[in-house]
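Note that the protein sequences, when read in sequence, are chains Z and A. Position 208 of the first sequence, counted from 1, bears residue number 208 in the working numbering, the numbering being contiguous throughout. Position 241 of the second sequence, counted from 1, bears residue number 241 in the working numbering, the numbering being contiguous throughout.
By construction, these hints were calculated from the structure, which means they are not laboratory data. Computed from a predicted structure; not experimentally measured.
Since copy identity is lost for identical chains, a pair holds within one copy or between any two.
Taking lysine to aspartate or glutamate and the EDC-like style, the derived pairs with C-alpha atoms no more than 16 Å apart in a straight line are:
{"#": "1", "residue 1": "K76", "residue 2": "E55"}
{"#": "2", "residue 1": "K28", "residue 2": "E84"}
{"#": "3", "residue 1": "K309", "residue 2": "E232"}
{"#": "4", "residue 1": "K37", "residue 2": "E84"}
There are 2 protein chains.
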Amino acid sequence: MEVNMDVHRSVPVLDWEPHLARRTAGMKSSAIRELLKLTQQPDVISFAGGLPASELFPIREVDEACRYILRTEGPKALQYSATEGHRPLKEYLATTMHKYGVPASAENILLTNGSQQALDLIGKIFLDPGDYVLTGSPTYLGAIQAWRAYQARFKTIPLDDDGMQVERLEEAYNAVVAETGRPPKFLYVLPNFHNPAGTTLPFERRDYLAEVATRLDLPVVEDDPYGELRYEGEDILPICTLIPERTIYLGTFSKTMTPGLRLGWIVCPEVLMQRFVQAKQGCDLHTGTFVQYIAADICQRGLLKPHVKRLREVYRERRDTMLDALAEFWPEGASWTHPHGGLFLWARVPEPLDTQELFHEAVREKVAYVPGINFYPNLDGGNNAMRLNFSYAQPELIVEGIRRLGNLLKRKLQGGD
Amino acid sequence: MEVNMDVHRSVPVLDWEPHLARRTAGMKSSAIRELLKLTQQPDVISFAGGLPASELFPIREVDEACRYILRTEGPKALQYSATEGHRPLKEYLATTMHKYGVPASAENILLTNGSQQALDLIGKIFLDPGDYVLTGSPTYLGAIQAWRAYQARFKTIPLDDDGMQVERLEEAYNAVVAETGRPPKFLYVLPNFHNPAGTTLPFERRDYLAEVATRLDLPVVEDDPYGELRYEGEDILPICTLIPERTIYLGTFSKTMTPGLRLGWIVCPEVLMQRFVQAKQGCDLHTGTFVQYIAADICQRGLLKPHVKRLREVYRERRDTMLDALAEFWPEGASWTHPHGGLFLWARVPEPLDTQELFHEAVREKVAYVPGINFYPNLDGGNNAMRLNFSYAQPELIVEGIRRLGNLLKRKLQGGD
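Extracted from the complex, chain Z is given alone in its bound form (with noise of 0.2 Å):
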């Protein structure tokens, strides 16, 4: 130890940019999670975030899960696992999304961390530079920056209040090999109380999506977070029980139990598995066994079920208070989604209104949102429309909040700044 142990000296600053990855040129954090930072002040009613209700976390249930297994499992549920996932969990996924119609079985799920990490792993196996996605528009802004970062291009297919026009499909599709050459890697698509529109698609729209998948030889990745959170009506049938065979599909339990644990999963044909396996090894070996091993229980215990019903309620009751409120407080012209379930609705204010221009007005009215041009990955839509999320405010916040957001469009409406 003879050098200069001074660690508070001046360190000099290379220059890295001659250093990097091509691919870091496309990519960019988060404008959400940029924009979350200014909403954090604590006196903003905040409809920007997608987070979870914090005090409904089954906190009393994963205490007893961490001391149950600490107590019988411990060395295990510390100790490295199978890159596939911690196998009664598995079970138990296969089990439950059996009866939800999803041809799962353990063999077919792999856990991952969140299901952030599911997109970033489909980008590693199936983008390559240049190649297309198509999404709808607007579209979930994790999978735009997961597939950004494999220099994927984006067609988009608009979404109106029945979700995406899937008759559109096969025009995107035509449209990429035109351009291209080469057909688009996969469809992304949100079925149930979409992020951010809030929109779900009929039966009828999944079956001639799947219909048209099958003749263009197009895999589907089904995104599903929020399909437990249903407030109101019958569940739909998954795409990925009517093309099994082409869909990769994904759950969370982000939203049902708690975020914080990162815990996500892929269903998909067991002939792809070992693809996803191999990618999941070289990110990061495997998802945490500990978190697994919580998950496995609560669920084990029939803990799960009852906790979504309690939220079922609490959050419709959340998202029936902000339809009110935007009934009573928002001017003539605007108009907005009414979401079945999850956690968003889609609103549009009266032209010539700019959502993004009105943002930081909004901020100084202590209240957030987020602008709907985040939401187009090719920033071509969304400009008079925002998303808000109902989820995590309580409903007199919510009301004040929709309340001050209403009062903000009608003095812009009339002139005033």
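Please build the complex by placing chain A on the supplied structure of chain Z, with the hints as guidance.
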């Protein structure tokens, strides 16, 4: 729900190959993980894995941490959290690493899902297809696996019993420039208790390496999973203390606390941090909140240091047991490294024996190791070498396993089968 819900119906098998990314051609399952499956019969004495001793895991400490966290900070500990990592944990790491010579602050530490994820993120921000990485031979298999997924190539620098022969670093660098017209992207080095070689790079070699890296403008990845598990001699300054401006330092709790939490970290120049954060957002949003709270609690209560002290005592004894058994039972002409710490030693069997060929015979004799060739990224060495882990098996099993291997080697040398 009008369609066939019989999920046991046969599902057509598609040919996915034409849909996959080119990089999948280079992605393989870890040879070690495949080998490990063979060695998991309960009566096999396995020196093949790299597992810490599970009977030493700090189960009581984890249990206390879980209870305390869930009682006092449950809603935060189970919620989404910052990509950068849990601030109190980062502050603890910065303080600890400062003492150890690493110039870290909370601002230049990123928590990762085990240090395997750090390797993946490094690949993501540095490696374009065809890029070269400089690494020792042998080298850590997980790094090869992570970077092959980015279509990297490897130029190797041989190790001797003092680790990487750094005087050959510039020659390897020049060979890459001559072949490709551009420099290698970085140098990967495991200075302490190398996996698989068990070697430690002396200060003089670190100093020389730092000098050459600076002259060549070469970034350095310093992987240090075992640094705190030293059983003899004195700590040697990490490379990142010598050249903090160009070193990416990797640490982990997998060997000092438990691997099942999946917690590692990156220390890097602040100008690089934003790149890593962006890459990690796309990969998995953030590292598990709950497990970070657990680790922070154990660290803050001062429980990690006495635990590591205990690990050192036990592992030192196991290392000595293995060294003694090798001296007693192995034939003349065999040799092995004398690791000053860590989990592994590297043993060479007399020519012409081939450790790959011997492997299945060894498993039949109920003892297992990893054949050396697996640690050579270009498969150009290690044929008479093997990696032996001494942390997992109890001392009496270490003696018995080394005896069985010794008997097998002697029989083969005498031409028996």
